[in-house]
Amino acid sequence: MARRYDSSTTTFSPEGRLHQVEYAIEAINNAGTSVGILAKDGVVMASERKITSGLLAPARTSEKTYKLCSHATCTVAGLTADANILIDQARLRAGRYEYQYQEPIPIEHLVEHVCNYKQAYTQYGGLRPFGVAFLFAGYDETHGFQLYQSDPSGNYSGWKATVIGANNQAGKSLLKTDYGSSKKEEDSDEMKTDEAAGPEIEMPDVAEACRLAVKVLNKTMDGAVASPEKLELFTMTLDSDGQCVHKILSEDEAKAVIAEVEAETAAAGDT
Amino acid sequence: MMYAQQQQQPMMMAPSTADSDAYSGKSAETRHLKPGELSTGTTIMAVQFDKGVVLCADSRVSTGAYVANRASDKIAQLHDHIWCCRSGSAADTQALTDYVRHFLAQLAVESGRLPEVKVAAHLMRKLCYENKDNLMAGVIVGGWDPVSGGAVYNIPLGGACIPMPFAIGGSGSTFIYGLVDSEYKENMTKDEALALVTKAVSHAMSRDGSSGGVIRTCVATAEGNERAMVPGDKLPYGPSGNSGKGW
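Order-wise, the sequence lines are chains E and F.
For what it's worth, my numbering labels the leading residue of the first sequence as 1, then goes sequentially.
For what it's worth, my numbering labels the leading residue of the second sequence as 272, then goes sequentially.
Quick caveat, the hints were computed from the structure, so don't treat them as lab data.
None of these values were measured; they are calculated from a predicted model.
Be aware that one or more of the hints could be misleading.
Here are the simulated lysine to any residue pairs, SDA-like style, with alpha carbons at most 20 Å apart [said to hold, decoys possible]: (1) E:K247 to F:G495; (2) E:K247 to F:R384; (3) E:K247 to F:G484; (4) E:K247 to F:D462; (5) E:K176 to E:S157; (6) E:K247 to F:A376; (7) E:K247 to F:E381.
Listing some non-contacts, in silico: residues in chain F with all C-beta distances to chain E over 12 Å [unchecked claim]: (8) D351; (9) Y370; (10) R372; (11) L375; (12) V390; (13) H393; (14) F446; (15) E457; (16) T460; (17) A466; (18) V485; (19) T488; (20) E494.
Ideal placement from N, C-alpha and C gives every residue a C-beta, glycine not left out.
Make the full structure from the sequences, and use the hints.
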């Protein structure tokens, strides 16, 4: 029954669904996984690099992680070509905002701008939606460090930790148990705690968040042990002058984190 | 006032017909200014040294005989290691600086690397040349980049772009051409370069009525930037004492 109503973005199905948008969201589930984790002193985003051929020229730009402006970066899951268009939009918006208002763009404004752009392709013009999901990591003065996820529909939401791309369900369930649990087993499965509800969720610091991100990727990458070529670990922190530092970990640094995670899992006896 | 504000936007506006008042009667210093317009009658300077570039400027902003700001900052940051010294109309140079800063930021994000000083200078020059009818801006772009090291580009009124080992600009520069030509040497150390610029700008400030206030310096190198200020009563040369003491 969906057949008759799924070939055009601009048509609702009788059940009130936009099938093209849903198919676009499905497309992303075949893409390399990306996990984002909010820490108390920064944001960590770890991504799986799907294409690792020895014949590939050494990348001058990243396949997964893109800097948008001095205080925001995003990772991509989905069609890289589609992502490039949206990243250009985001960069222009951030730059023009800062030129006009002489201050850095608030992260939610930036995310909302990209999402509004995506939404237009679900409503006008008969063009297909973008087959990309983003994780946005950013810092602004009002809200500190933030992590947002957006998908082809143009919806976005803020997260403490989330996963997009292949096997994101498995990743999310691991985050539910392990985020902020810091070795306490009880009370660690409820993610949706607000600030008033007490100290069950303790935000990790960036180092801990890196280890957790690698752990999640280990799980989503079908048990294949993460190695530096297959993974891109990004951190955003503040330096002593209050400026954002965007860092993609070097091969050695990534190896060190992977080794720490292996030691932890071996010691804990998990499979 | 509305008319004056309109005139001061250099980009995107059709060339305006010349205001006939501007060329008659008023003093030589303000003839080129719109009513109420601020000028950075100025001394600016930038000098290459072994590790990078030293930029230096006075701090007086005047409208005719009135000093609108005696402690302004004429050294503007275009990017992490790239700076420019501004002279001429304050509004014009501020607008230019804002544009170039915006373009450089976009370029840096898209290319993923530090922009070159040459690129910054050419962006500035493009704006100055293509809008030359509506602008009164003399700019010196100087800084450090990983490709060429330290570099200085002088961009005078018409929009030429000239790479030089050192450059001086602004109304006060006319008084120190001889001094700087005789004292400049290649591959100075940072302290020698700082001594040269503060001495030269001091001399200019003591002779040029449109230059004065404090001396601001900025040292741009691979490691980063160091900004400093020499207060008006501690100048190495000038009527406030300390004359001839040097650095």
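Hint check results:
A C-alpha spacing of about 18 Å is found between K247 (chain E) and G495 (chain F), which places the hinted pair at or below 20 Å, so the restraint holds. Annotation: proposed proximity of K247 (chain E) to R384 (chain F) holds, straight-line Cα distance about 13 Å (limit 20 Å). Note on K247 (chain E) and G484 (chain F): the hinted pairing is violated, with a Cα-Cα distance of about 42 Å set against a maximum of 20 Å. Simply put, K247 (chain E) and D462 (chain F) have alpha-carbon atoms about 34 Å apart, too far for the 20 Å limit, and the pair is violated.
About 17 Å separates the Cα atoms of K176 (chain E) and S157 (chain E), which keeps this hinted pair within 20 Å; it holds. The hinted pair formed by K247 (chain E) and A376 (chain F) meets the criterion: a straight-line CA distance of about 18 Å does not exceed 20 Å. Between the alpha carbons of K247 (chain E) and E381 (chain F) the distance comes to roughly 16 Å, so the proposed pair stays at or under 20 Å and holds. With a cut of 12 Å on Cβ distances, D351 (chain F) falls inside the contact zone with chain E, its closest approach being about 10 Å.
At the 12 Å boundary, the C-beta of Y370 (chain F) falls inside the reach of chain E, the nearest C-beta of that chain being 8 Å off. Residue placement check: R372 (chain F) does not keep its beta carbon more than 12 Å from all beta carbons of chain E (closest about 8 Å). Non-interface call for L375 (chain F) relative to chain E: violated, since the shortest CB-CB distance, roughly 10 Å, does not exceed 12 Å. For V390 (chain F), the requirement that its beta carbon stay farther than 12 Å from each beta carbon of chain E is met, with the minimum near 16 Å.
At roughly 19 Å from the closest C-beta of chain E, the C-beta of H393 (chain F) stays outside 12 Å, upholding its exclusion from the interface. Every CB of chain E is more than 12 Å from the CB of F446 (chain F) (nearest about 35 Å), matching its label as outside the interface. Every C-beta of chain E lies more than 12 Å from that of E457 (chain F), the closest at about 33 Å, which supports listing it as non-interface. Separation of T460 (chain F) from chain E is adequate, the least Cβ-Cβ distance of about 27 Å exceeding the 12 Å criterion.
No Cβ of chain E comes within 12 Å of the Cβ of A466 (chain F); the nearest lies about 28 Å off, and the non-interface call holds. At roughly 24 Å, the least C-beta separation between V485 (chain F) and chain E is larger than 12 Å, which holds for a residue marked as non-interface. The Cβ of T488 (chain F) sits about 20 Å from the closest Cβ of chain E, beyond the 12 Å cut-off, so the non-interface label holds. No beta-carbon of chain E comes within 12 Å of the beta-carbon of E494 (chain F); the shortest separation is about 14 Å.
Comparing the model with each earlier hint shows violations of hints 3, 4, 8, 9, 10, 11; every other hint is respected.
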